[in-house]
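Participant: Sequence:
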Amino acid sequence: MLSPHLDDALFSASEVIRSTTTEVWTVFAGEPQPALTTAWDRTCGFPDSHALMIERLDEDKRAFADTQADIRHLPYLDGAYTTPERRAADLEDLRRELSAWIEQHSGDQPIVVLPAGAGVPVADPLGDRMAHVTHRIASTPGILAPLVQPLRGLKHRLYQHRRRSAQGQGLAVNEDHRAVRDTALALLRRDPRVTVVLMEDLPYLWWHPADDAVKEAAAKNGLNATKRRLIVDRRWKNEHISEYTSQLHTMDVDQNRLAKTETLPENEYYWILNRETNPPLTVPESLQD
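Residue numbering for the sequence shown is 460 to 748, as defined by the working numbering.
In short, the hints are calculated from the structure, not lab data.
There may be inaccurate statements among the hints.
Claimed, not checked - Simulated DEER-style distance windows between Cβ atoms:
(1) P651 to S701: 28 to 34 angstroms
(2) R652 to P506: 44 to 50 angstroms
(3) W499 to S558: 43 to 49 angstroms
(4) H708 to K520: 36 to 42 angstroms
(5) S558 to D529: 18 to 24 angstroms
(6) E544 to R693: 20 to 26 angstroms
Using N, Cα and C, we set each Cβ at its ideal position, and we do this for glycine too.
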């Protein structure tokens, strides 16, 4: 299971973690050097990135302490701390790590669980065109090569502007979640050894469920998506996510739903991605119903 941040796995897929033995990789668990002070650090009540990441790593260890999960914290940088250049390098390294894991487990019918991309959509047609232009320049060495990094930086800034605008309608799709999903899907979409499952992102689903994002991602990668529901043990979930004290209130300031058992979703939704219309399901029995 690829969890973008130190909380996403238990927020979104507590039933899979509760009922199976899972490897959980937190992708963006790295710390910038030197430490930075961002609006997110201050919102969470910490003076800088170092203080916040120390606390969040400790929260994650406590949250998983009595589960069967094997947790791994990868050194890549959260969107609040990264740069376009660092993000590209981090995602390439993630691709290599995931590829190595697949090779290691190729005979075990491996399953990879990814974020679905719930949240208010961020329309970015200009960014899409810039990405296409940047890719063409990067793949054509010559006098235009010095333009690649400035264009990537501009694309990133434009996306952040559009995301801030979308936040007025609720929590926008988190670019870190999309980056993890899209990087993994680009690697796994044609690999017959692997079953890919998307998990619906909490709390983003409260503002915009993941159905549209899943449909788009599946179509883009030539896959079919089969939706499955798991009934949530909300008491168990609350006991475990309550360890994420730096995040619970900041992620849903107005209603504070993450902090109360009775306001947690009764169900978790997953989508099994396959290359066939009616494939055999090599997934946990709980997701086959």
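Participant: Please go over all the hints and tell whether each is borne out by the structure.
Facilitator: Hints versus structure:
| no. | hint | verdict |
| --- | --- | --- |
| 1 | P651 to S701: 28 to 34 angstroms | violated, 40 angstroms |
| 2 | R652 to P506: 44 to 50 angstroms | holds, 46 angstroms |
| 3 | W499 to S558: 43 to 49 angstroms | violated, 31 angstroms |
| 4 | H708 to K520: 36 to 42 angstroms | violated, 21 angstroms |
| 5 | S558 to D529: 18 to 24 angstroms | holds, 19 angstroms |
| 6 | E544 to R693: 20 to 26 angstroms | violated, 42 angstroms |
Of the numbered hints listed earlier, those contradicted by the structure are 1, 3, 4 and 6.
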